[in-house]
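Chains W and V supply the protein sequences, listed in that same order. Going by my numbering, the first residue of the first sequence is number 711, and it counts up by one from there. Going by my numbering, the first residue of the second sequence is number 16, and it counts up by one from there.
Because the hints were derived from the structure by calculation, they are not lab data. As the structure is a prediction and not an experimental result, all values here were calculated from the model. Treat the hints with care, since some could be wrong.
[To be verified] Below, a list of computed lysine to aspartate or glutamate pairs in the EDC-like style, where the Cα atoms sit at most 16 Å apart:
1) Lys382/V <-> Asp108/V
2) Lys457/V <-> Asp777/W
3) Lys300/V <-> Asp321/V
4) Lys460/V <-> Glu409/V
5) Lys813/W <-> Glu901/W
6) Lys269/V <-> Asp448/V
7) Lys931/W <-> Asp844/W
8) Lys457/V <-> Glu776/W
9) Lys358/V <-> Glu65/V
10) Lys382/V <-> Glu316/V
11) Lys916/W <-> Asp1003/W
12) Lys456/V <-> Asp811/W
13) Lys457/V <-> Asp974/W
14) Lys456/V <-> Glu776/W
15) Lys70/V <-> Glu99/V
[Claimed, not checked] Coverage of chain V stretches by chain W, computed from C-beta distances (three or more under 8 Å per stretch; other residues unrestricted):
16) 113-124
17) 291-304
[Unchecked claim] A few chain W residues that face chain V, going by a derived Cβ cut-off under 8 Å, partial list only:
18) Thr764
19) Ala841
20) Gly858
21) Pro860
22) Tyr861
23) Tyr864
24) Leu866
25) Thr867
26) Ile950
27) Pro956
28) Gly957
29) Thr958
30) Ser975
31) Asp1003
All residues carry an ideal CB built from backbone N, CA and C; glycine is no exception.
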Amino acid sequence: MQGMNNMKTHLSNKKTIALFTLPALLIYTLIVAYPVLQALFRSFYEWNGLGGGTFIGIQNYIQLFEDPLLIRSLRNGALFALVLVVFQIGLGTLLALVCADPKVRGRKILKTGYFIPVVLSVTVVCQLWIAIYDPTNGMINKLFQLLGIPYQQYWLTSPAVSIIAIAFVNAWQFMGFQFSLLYAGVKSIPEQYMEAATIDGCSKWKAHLKITLPMMAETYKFCFILAITSGIGAFIQMLIMTSGGPGTTNYTLTFMIYRYAFMDSEYGYACAVSIFLVVLSLLATLIINKVFDREKFSH
Amino acid sequence: MKKKKVNIIVAMTVFALSLSACAKDNNANIVPNETASGTAGSSTAGESNEITKLKVYLKYFDDDTKKPYDYAVAELKKAMPNVELDLDPWQQDNFQKLKTYAATGNMPDIYDADYGLIKAFAESKNIEILDNAQATKDLLADFNPGYEKSLTAADGHTYAYSATGTGFQILYYNKKLFAEAGVNAPIKTYDEWIAAIKKFKDKGIAPMAIFAKEKWITNSFYKGLVTREQPEGYFPLEQKGLFQLPDPYKLASKQFEELKQAGLFDPNATNTNYDQASSLFYTGKAAMFVNGQWEIYAATENLGDDVDWMYWPAKDEETYENMKFSLNGAPAPGGFAVAPTSKHKELAIEVAAFLARKYAEYQYLQKANPIVSLKIDQPISITPPPMMQRIIDEVLPNIKGYAKFNESTELNNALDDNTQNLVVKGFGNKQFDENMERILKKINK
Chain W
711 MQGMNNMKTH LSNKKTIALF TLPALLIYTL IVAYPVLQAL FRSFYEWNGL
761 GGGTFIGIQN YIQLFEDPLL IRSLRNGALF ALVLVVFQIG LGTLLALVCA
811 DPKVRGRKIL KTGYFIPVVL SVTVVCQLWI AIYDPTNGMI NKLFQLLGIP
861 YQQYWLTSPA VSIIAIAFVN AWQFMGFQFS LLYAGVKSIP EQYMEAATID
911 GCSKWKAHLK ITLPMMAETY KFCFILAITS GIGAFIQMLI MTSGGPGTTN
961 YTLTFMIYRY AFMDSEYGYA CAVSIFLVVL SLLATLIINK VFDREKFSH
Chain V
16 MKKKKVNIIV AMTVFALSLS ACAKDNNANI VPNETASGTA GSSTAGESNE
66 ITKLKVYLKY FDDDTKKPYD YAVAELKKAM PNVELDLDPW QQDNFQKLKT
116 YAATGNMPDI YDADYGLIKA FAESKNIEIL DNAQATKDLL ADFNPGYEKS
166 LTAADGHTYA YSATGTGFQI LYYNKKLFAE AGVNAPIKTY DEWIAAIKKF
216 KDKGIAPMAI FAKEKWITNS FYKGLVTREQ PEGYFPLEQK GLFQLPDPYK
266 LASKQFEELK QAGLFDPNAT NTNYDQASSL FYTGKAAMFV NGQWEIYAAT
316 ENLGDDVDWM YWPAKDEETY ENMKFSLNGA PAPGGFAVAP TSKHKELAIE
366 VAAFLARKYA EYQYLQKANP IVSLKIDQPI SITPPPMMQR IIDEVLPNIK
416 GYAKFNESTE LNNALDDNTQ NLVVKGFGNK QFDENMERIL KKINK
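Turn these sequences into a full structure, and let the hints steer you where they fit.
Spelled out as structure tokens, the structure:
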């Protein structure tokens, strides 16, 4: 009781609150807010990364909206995000529901297995999939050949399928992470709800649809934010697997930033693209927050 | 308690002082020399009995970069015993590390610079102008004719000392596979090239291995076609008011497309790296391979007498003969540059020039590579590979010219992207022409 009182006193003391939050706030300001503000400031300059640069107002933003790479990058980002949502959240949910079922055997092995790719290095995973996607000796085309299915593809060089193929690699690797979040979400729902539904004659999958999934709104909110913002800002898999090519086929907004800053030395313009990416990610987060508003799912 | 506090304060003070001493040690670049004789060397370093350390940021990651550096350092020890180089190995990171050094005021004394970096550093004053240095005048006097241009940037200043000559791209071919497929070498015309592709494919031989995962090689391939019609390469594309892609460039994109349609490239070419492509060629699976003349050594080592090179085919035999000595390569300013912030600027300039000389000397004497920027008085001690001998006998005395270097990074990047796209099915020459015209409208307005 004494402890509770002390806690209450501390929480009502604004100085204490400030003292405890200040370090985190300072670190956040230093590593997030300051760079974002710097990028915003620099986006109004023609700047090569060194020296002061020349103030050009919103010229970089005008150029950005006229840049044909923007449309391609947005399209690729959307496709990438879609693949992540389908495979990481869709499949992750199914697997989480299966693994949460006490009747399923070998759940521990499955849970560990799903998470293994997450701890592997991205470079290793990309190299592995480059080999799997190899059109001549790769596992996928060989499998199609073995089954007599005429669907052999140039997975990483075909402009039509390469972005999906690359996104799938990300989805495959990090599905385990989303799975663990979703699994924790499923397990956090009190079993009584399911028991009550079963007593009322509801089937297992219908009960999941009506009870489990709506009650996981908060978890889904986080998972969707993670998947969609990762998709919009995808980069490393493209860099390793195709260098963004052929040509600029697999460019995303982050690849645009990389190209303009580090290849063209147009840091001012790259800052404008990064601010656009930040705004887009915030917008996506805002929309997801609205869609998964807890109130909507509470009853 | 009081004693404990005093002890802590004393300990902290000692610790802080030792740290600052360490920092001073790191920054100090002049240390007393107890062993150096001080008899030879530069005017700056040779007269005193102190060793001057220069921080250098140079390429040092494989035999081609390590051996010339080691050779130059050994020679430097003899010529300037009081100068020591402190190597910070160059990173393949588009100069990001060096730019960070520049932004934080921590520049090395001497560094490797290409033209893109020179432009950025000239603007931000992170590169020394070497126009009036005595070393520049001395080097110019010893430059091989034609290479002087690589010493001067577009703004008329000298920023770096180049050691290498101008590389150029050639087509390597496997003589055995050519004979097997009944293809006569060299292929001189474009029609012969198309016919040869069919013959190779009929025999189950890959016509060409190309590491098109790297965009510069598809760019070079396109430039090889362009230079048969326009020997200046891409240079004429940078003209105020030029918005239409001129005919030689359209013809080259059309030829590129038709070669692709005929099956010159593997459909997976844009995902093929150098190791994979060269392995296809060296294991006798591909009949041709495109790369610079520097590949001669590796090609000879792998294929011995079965490999030779040919000039770029042209639209007809007359053009082929007229243009074969217009080489597909462009001299660009670059090489050893000096930071204006160097505490030993004069010495650094002298050492940068020395390194350029010694790197050239190594290439010439140890690798029998005559394509170096500087004249070397000593005779080549080893026998050059036959393909290099052909270059020495046949090409070097007859060079009509190199393509001219073009300034625009934007144009170069667009060419990189769009030529790589040309290798892929579904992207045609019309699309290439349109994309390039969009870039021309942007850069030439």
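Hint check:
1. Lys382/V <-> Asp108/V: violated, 28 Å
2. Lys457/V <-> Asp777/W: holds, 11 Å
3. Lys300/V <-> Asp321/V: Status holds; Cα separation ~13 Å.
4. Lys460/V <-> Glu409/V: At roughly 42 Å apart (the allowed maximum being 16 Å), Glu409/V and Lys460/V break the hint.
5. Lys813/W <-> Glu901/W: holds, 14 Å
6. Lys269/V <-> Asp448/V: holds, 9 Å
7. Lys931/W <-> Asp844/W: violated, 36 Å
8. Lys457/V <-> Glu776/W: holds, 11 Å
9. Lys358/V <-> Glu65/V: It holds: about 15 Å lies between the C-alpha atoms, which stays within 16 Å.
10. Lys382/V <-> Glu316/V: This hinted pair holds, its Cα atoms lying about 13 Å apart.
11. Lys916/W <-> Asp1003/W: violated, 22 Å
12. Lys456/V <-> Asp811/W: violated, 63 Å
13. Lys457/V <-> Asp974/W: holds, 15 Å
14. Lys456/V <-> Glu776/W: holds, 13 Å
15. Lys70/V <-> Glu99/V: Holds. Lys70/V to Glu99/V sits at ~9 Å (cutoff 16 Å).
16. 113-124: Result for this restraint: holds, n = 3.
17. 291-304: violated (count 0)
18. Thr764: Nearest chain V Cβ about 11 Å off; hint violated.
19. Ala841: violated, 11 Å
20. Gly858: violated, 21 Å
21. Pro860: violated, 15 Å
22. Tyr861: violated, 15 Å
23. Tyr864: holds, 5 Å
24. Leu866: Status holds, d = 5 Å.
25. Thr867: holds, 5 Å
26. Ile950: Because about 11 Å separates Ile950/W from the closest Cβ in chain V, which is outside the 8 Å limit, the hint is violated.
27. Pro956: Pro956/W check passes; min Cβ-Cβ to chain V is 4 Å, inside 8 Å.
28. Gly957: holds, 3 Å
29. Thr958: Because about 5 Å separates Thr958/W from the closest Cβ in chain V, which is inside the 8 Å limit, the hint holds.
30. Ser975: Because about 5 Å separates Ser975/W from the closest Cβ in chain V, which is inside the 8 Å limit, the hint holds.
31. Asp1003: violated, 43 Å
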